[in-house]
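Novice: Sequence:
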Amino acid sequence: MKENKMKDTIVPVVAPLHQDRTLDKDAVGRIFSYLYANNAIPFILGTTGESASLSNAFKEKYLHAALANKVADQQVYVGISSNILEESIDLAQQAYDLGVKAVAATLPTYYKLSDAQMENYFLQLAEKSPTDLIIYNIPATTHMSIPLYLLDKLSYHPKIVGVKDSERSIERLDQSLSLWADRADFKHYMGWAAKSAYAMINGSAGIVPSSGNFAPAIYRQMCTAVQDGDVDLAYALQKQSDDLGALYQTDKSLGESLWALKVLMKELGLCDAHMMPPLQALDAAEESKLISAFQELINKDSIKLNITNHV
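The opening position of the sequence shown corresponds to residue 4 in the working numbering, with each subsequent residue numbered one higher.
Wrong hints could be hidden among the right ones.
[To be verified] Mimicking DSS-like on lysine-lysine, the simulated pairs with C-alpha atoms at most 30 Å apart in a straight line are:
#1 162 <-> 190
#2 8 <-> 28
#3 198 <-> 292
#4 115 <-> 198
#5 269 <-> 242
The hints are simulated quantities; they were obtained by calculation from the structure and are not laboratory data.
Given these sequences and hints, build the entire structure.
Specialist: Right, dumping it as structure tokens:
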């Protein structure tokens with residue numbers, strides 16, 4: 004039997020806030036410790052991390068706090084998305100200076116871009132950033148889809164090392180894996196959580212699940228199951244992931260689901276549920292309902308979250 008490649012769980016970390024909306028550095032430490040204990044790689048300043056709502060000063064503080072909590076010989080990925088190219092390059096430089104090897108970027112989100120403009124943007128970013136670059140395709144927020152032919156063309160640039168794709172299209176996923184599953188120099192990471200097991204079984208290098216913020220053990224076990232060729236276990240863990248995701252995402256906008264995600268993290272002692280404007284908390288009744296449903300699901304399905312004693 005052919006040996007399966009190692010699979011990565013990359014967790015898009017929330018932005019933990021105090022009530023005054025300053026960075027909760029202690030919470031950063033708790034979250035990072037929890038993730039590393041479960042073989043997960045933190046990814047800060049992405050969509051789940053409310054990056055579009057954060058000032059450059061806040062991003063810099065978060066970057067420093069993240070690297071202060073990085074475990075030796077482990078990685079941290081950093082989102083550098085911005086509508087301003089120079090801001091992205093500056094953040095990539097700051098990350099590089101602190102030891103970050105790869106950053107991730109979406110398309111700028113204000114203007115609708117042609118394919119040629121998309122290509123030129125990522126080429127400029129790759130050439131001017133000191134780090135390696137992971138392209139992040141997320142039409143739900145950018146309102147544009149990066150064509151696969153263009154991604155494949157960009158994939159041969161020596162500094163463009165992967166794609167995180169959150170587009171919900173099984174046809175696109177299958178085509179992506181046919182292009183890149185066997186590439187050693189360019190990795191595909193699945194950002195569509197509902198297809199995590201499917202993607203890895205069919206050659207994706209890893210997954211980027213928001214639910215990993217509070218349940219990283221599920222994804223660690225899923226990665227191991229795929230590596231061991233245990234398809235049934237991988238899909239059983241996918242069902243747990245789906246149930247947990249539905250708990251805080253169903254009937255909520257993306258922004259509301261990020262608040263609900265923080266509520267679950269608060270329940271586990273990881274961080275508070277404060278949000279950065281324009282996002283905001285829902286009411287106390289909704290919070291209570293969410294926590295009750297969470298506890299019921301955990302007990303009913305005997306879901307193991309592997310909460311360590313330092314959390």
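Novice: Indicate, hint by hint, whether the structure satisfies it.
Specialist: Going through the hints against the structure:
1. 162 <-> 190: holds, 12 Å
2. 8 <-> 28: With a Cα-Cα distance of about 35 Å, the restraint between residue 8 and residue 28 is violated, given a limit of 30 Å.
3. 198 <-> 292: Given pair residue 198, residue 292 holds - Cα atoms ~27 Å apart, limit 30 Å.
4. 115 <-> 198: Since the Cα atoms of residue 115 and residue 198 sit roughly 28 Å apart, the hinted pair holds (cutoff 30 Å).
5. 269 <-> 242: Holds: residue 269 and residue 242 sit about 23 Å apart, inside 30 Å.
Violated hints amount to a single one, hint 2; each of the other numbered hints is respected by the structure.
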